[in-house]
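Whenever a hint applies, use it, and build me the whole structure from the sequences.
Number of protein chains: 2
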Amino acid sequence: MKLAMVNDRLVPMEQLDPVYLDRGTYFGDGVYEVLRSYNGKLFALDEHMARFAASMAAVRITGIDIGVVRERVLAAFKAGGMANAKIYFHVTRGSAPRNHTWEKDIMPNFFLTISEAPDSSKEKARGITVCTHPDLRWKRCDIKSLNLLPNILARQDAADRGCDEAILVDDAGLITEGAGSAFFAIIGGALCTAPLVANILPSITRHFIVKAAANRGMPIQEQCVTPEQAAHADELFIAVTTKDVIPVVKFDGTPISQGIPGPRVKALITEFQKFTV
Amino acid sequence: MKLAMVNDRLVPMEQLDPVYLDRGTYFGDGVYEVLRSYNGKLFALDEHMARFAASMAAVRITGIDIGVVRERVLAAFKAGGMANAKIYFHVTRGSAPRNHTWEKDIMPNFFLTISEAPDSSKEKARGITVCTHPDLRWKRCDIKSLNLLPNILARQDAADRGCDEAILVDDAGLITEGAGSAFFAIIGGALCTAPLVANILPSITRHFIVKAAANRGMPIQEQCVTPEQAAHADELFIAVTTKDVIPVVKFDGTPISQGIPGPRVKALITEFQKFTV
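Quick note, the sequences are listed as chains A and B, same order.
Mapped onto our numbering, the consecutive letters of the first sequence carry residue numbers 1 to 277.
Mapped onto our numbering, the consecutive letters of the second sequence carry residue numbers 278 to 554.
A few of these clues could be false.
[What the hints assert, rightly or not] In silico lysine-lysine, BS3-like type, Cα no more than 30 angstroms apart, as pairs:
no. : chain 1 : residue 1 : chain 2 : residue 2
1   : B       : K381      : A       : K122
2   : A       : K104      : B       : K399
3   : B       : K318      : A       : K2
[Said to hold, decoys possible] These stretches of chain B come out as covered by chain A in the derived footprint (C-beta under 8 angstroms, 3 or more residues):
no. : segment
4   : 293 to 305
5   : 312 to 320
6   : 323 to 333
7   : 499 to 509
Keep in mind that the hints were calculated from the coordinates and are not lab data.
From the three backbone atoms N, C-alpha and C, an ideal C-beta is built for every residue, glycine too.
Next comes the structure, spelled out in structure tokens:
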């Protein structure tokens, strides 16, 4: 006889809902995406689908067609009827009794939520505060996986210190990215951000910010900065799918651009908005 | 209106079973243990409970008393009625709409399964084969967390190459441990295993093996070995809670101790059995 226990309730294993045997919970064995709509139109749907397909391939999740995922996202968006929607979805490898290896015919689980996108107008107008935290993540942060324990611990630590985001610093003393965002510094008029290597998520918002900067004639330098360089930067900001460009006005306690969003970040916010109409 | 989608089924968010909002799935935000019984008696229960309490503290999961966890494990063991049981359990931080930070009053979720422990007599008699894989894990492998994607990918890669376990090698070219086991080499009569630092799980079986080796008068060297040293070792073995000592007879294709379990590993198996009666 096999038994399971859910909180204090004993259940014969064969009566257990398969959701309890999801490899997403056992191992974080799944990948996810977050996308949003602006004014009734999904933003960068193709880019999010391409990244999701790449994440699935990287962790070898098969058995669900990317076309099916796309159809479900579109169906949920239609059913939600929200002009500015935030859509989260993940695919896990599937449900099975716990075992490191998986059966070839395991069926992936799909899960999605849709809700109103957060209103980021106040954060855009006032800016946010950030603090640094050691980057403890694994070596494949280019995969958007469900292994996010270091991210949430860093973010919570930042919140406990009164900050809105944790900026991760690697063993070499370089900033990689935020716990849930891409990180940018404007130094000497140039836009600096980490190059896309295995320890960075290929941010889709970053892609559009680089375009926005090019449209404004702002030079791009794909190089990591140190916390000290960041604290002395002309301007700082983070980028996140749900809120796009958010100015950073305090970095590890040091005010940035006199503690208010600077002119170049404001220009990038305006430029980014052109992509979303 | 908030909506969720489970596979192809749309559900209003308020009707969704909270299990779908488990932070264990969203973030791998939880910790786990595996223990077993030998002949009706749970092995090293206190040690597993102490490690579990340490894991919970390390990821700041509160709201469930370790005494309650222990009672549930004992209740499940009693209900299962198996002499040689394998018990898996985890606690996740709880269920909540997805957000990196958590509310102070979030209630943890407990989940447990109990089944017959695997019969490892054949593996003990014949030995197993292993191959190396880069150690891509995060920097807090001393925490027994649900972030196990690098582990399962390494194990599956090993399985695809016809091996029973993946042996992880860090950037310095040193063996840390197995994807789901501790790793040991016997070189010049001494037992070599990685020291317990942040990139190693403090294996409870390892603790008893060190005692078993001491009982046999075998010197212990807490130092990492390279794959080359391992391939030339007198004997190799792995240690895992469910099967204790398992000889390794092939390492990256190289036969170890003529491809059969060697005398010192056999002695350690015998010595270990004394702890389990």
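Against the structure, the hints:
{"no.": "1", "hint": "K381/B - K122/A", "in the structure": "holds (25 angstroms)"}
{"no.": "2", "hint": "K104/A - K399/B", "in the structure": "holds (25 angstroms)"}
{"no.": "3", "hint": "K318/B - K2/A", "in the structure": "holds (18 angstroms)"}
{"no.": "4", "hint": "293 to 305", "in the structure": "holds (count 10)"}
{"no.": "5", "hint": "312 to 320", "in the structure": "violated (count 0)"}
{"no.": "6", "hint": "323 to 333", "in the structure": "violated (count 0)"}
{"no.": "7", "hint": "499 to 509", "in the structure": "violated (count 0)"}
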